[in-house]
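From first to last, the protein sequence lines stand for chains A and B.
The opening position of the first sequence corresponds to residue 1 in my numbering, with each subsequent residue numbered one higher.
The opening position of the second sequence corresponds to residue 1 in my numbering, with each subsequent residue numbered one higher.
Simulated from the structure, these hints should not be mistaken for lab results.
Check before you lean on any hint, since a few could be wrong.
Calculated cross-link-like contacts (lysine to aspartate or glutamate; reagent style DMTMM-like; alpha-carbon spacing at most 20 Å) [as the list claims (entries may be wrong)]: (1) A:165 / B:22; (2) B:285 / B:67; (3) A:259 / A:125; (4) B:285 / B:17; (5) B:320 / B:202; (6) A:165 / B:73; (7) B:285 / B:73; (8) A:165 / A:237; (9) A:165 / A:225; (10) A:167 / B:58; (11) A:259 / A:225; (12) A:65 / A:76; (13) B:320 / B:293; (14) A:46 / B:58; (15) A:201 / B:22; (16) A:201 / B:288; (17) B:320 / A:226; (18) B:320 / A:225; (19) A:259 / A:234; (20) A:167 / B:22; (21) A:259 / A:226; (22) B:123 / B:171; (23) A:14 / A:76; (24) A:167 / A:234; (25) A:165 / A:226; (26) A:103 / A:316; (27) B:227 / A:234.
One letter stands for each residue in the lines below.
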Amino acid sequence: MSTGSSVIPTKPWKASNKQRAIDALVLLVALLASFTVVAVTPMKGKLAYFAVFFIAYALLTSIFKAQQRGSAAAKDALVNSLVAIGAIVTVIPVASILATVLKNGLPGISFGLFTHDMALATPTDPLNNGGLLHAITGTLLLVTVALILSVPIGILTALYLTEIKGKFTGPIRFLVQAMSGVPSIVAGLFILSAVLYPITKSYSGLMGSLSLTILMIPTIARTAEEVLNLIPNDLREAGTALGGTQWRTVAMIVLPAAKSGLVTAIILGVARIAGETAPILLLTGGGDRVNPNAFSGPMGSLPYYIWKSFNAGSPEAITRAWAGLLVLVGLVLILFTSARFLGSRKAAK
Amino acid sequence: MTFTAIKTPTPREISTEPRRSDRVFRAIVTFGGISSLVILGLIALFLGYRGFEVLRQEGIGFITHSDWSISTDDAGNVLESHFGLAAMLVGTILCSLIAVVIALPVSVFCALFLNFYAPNWLKKILVTIIDMMAAFPSILFGIWGFLVLMPSVEYWAKLLHRYFGFIPIFDMQVPVYTRSPFVAGVVLSIMIIPIITSVSREIFSQAPLDRIQAAYALGATRWAMIKAVVIPHGRSGVIGGAMLGLGRAMGETVAVFTVLNIVFQINWQMLLGAGGNVASLIILKFGDASPYEIKALMAAGLVLFLLTLIVNGLANLIVKTTGKSGR
């Protein structure tokens, strides 16, 4: 106090200027190396730049570290680069997918797309003929029916796993997980063999919804189980202490407390099935006009529309497919973001 | 003044028996809970029932032979039929193995990066991106893979063939690179990276903090810490995650169908443009299949169902037991 001079705390772990300069230099040299190697040798393309840059960078950093601090530090530096590559390689496809969908889909998006169906047009027609109204309404109907069927079952399963905890808890948790691995085509074949051939004998939206239900139940059940496990036991005990039966405790305390989490579970389930293609191809018949009745007649849907346009092959049809993909991805992203938003708000409380 | 006897209410009988409302509630919830068991059972039952005729006729040949042909007379009666899944099964396994071999190191490194290297803000963004990737519809991966990814992958395949052609699996006699199992494997690997990454991340984040800090306190570098603490802790969990990815890759239909050329011949050369896939076979043959062939497709579906069920079941067991031992 009396001296008046204050001691500035040192941060020995911080990189010194010299260290930073070396790091920048290594980066620069690696970049240079990648450009020269690609220019000199016959290797060409993005992959070559990427590979040479990575190898040069990893080598240079490890050599520097080895000189400074020995072999352990060199290995550490090598793994640093590997780990960063892992993260970059994971992100590149997402960026590429989003970029191509935007680039190829936007030219096909117009107002008419959302007001017309394909009843009077084929996928190879010019783009201002027809639209995907039937596909959007179809997907919404399919998802709605699937929701009505799967939400009760999914949430009841989650309730069984968290509230009742009967003797089947272990097996059922195992089976729900196994069910989430059922290939979508198998779900489609199952509905085909169990419902479509023996009972209804015709394609309809309901058949598609039934197969989507099978795919959706495990997603909802597993997410809902996690959410219900987060509800503190105090709430359940308080409900019982007030004289509530288990039924009243669950219905009036546990479920309302878990509401936003359950909504997240449902939205994630919808995002999972909205773009499901294989069972839709087997079961719905893929009509070209708006069909408001899910119980009879072929039902169009976004995946079917994309599939049909893509297989038609002409440039117009491919543009249609990309536009359909853009709408589908937009839908999935909106659902996903709202699930995230609800989930994070719940965590913040 | 007369006292009328005050009628005291009889106290409620205390019992541990659940009330009627509770019994109904429990019955309904249990019923809902058992539905997954019922659905899985019904799937196996119905596919088996529909495919029984074909399975009985073909016997073990259904999974050991590889020709798929049916000839009918004009009235639609079956004259001769051969259904064998061997090429398709080999193709399915080959494609999904390629996918796992590519995806596993990437995912493990990515999970390590997320848990031990990335600053918090970057971690949040990356986790969101990876979760988003898991929600992308498979048709998107299929069309993107066909139009955008396939040209690059064919180029990589040429490089592999030129420089590593002496290894049998990279060898091929006819240079056809288009729509090979390798291309399908790369597309599948991108689809299963999010699954393996999130399972590994979960497992790694359960690595005991005290041991991590002990390793640092002893002067370990980050890699030395990971090697000494995180990897021994998470090894089997990562294997479980990889098997979950394998199960997903085996059942994938549309994405594989768009990028794979289906040929009814067993082919282990991953760069050659001739592969097989059970799920894609069903989509391919379904459109113009006769009733008898549909039965064969149902039997193929049953085989696929059992295969994925076994792989997934094993994977879940492994992940679950590691999760427990970690705590």
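_Violating hint indices (sorted, rising)_ = 3, 4, 6, 10, 13, 14, 15, 22, 24 and 27
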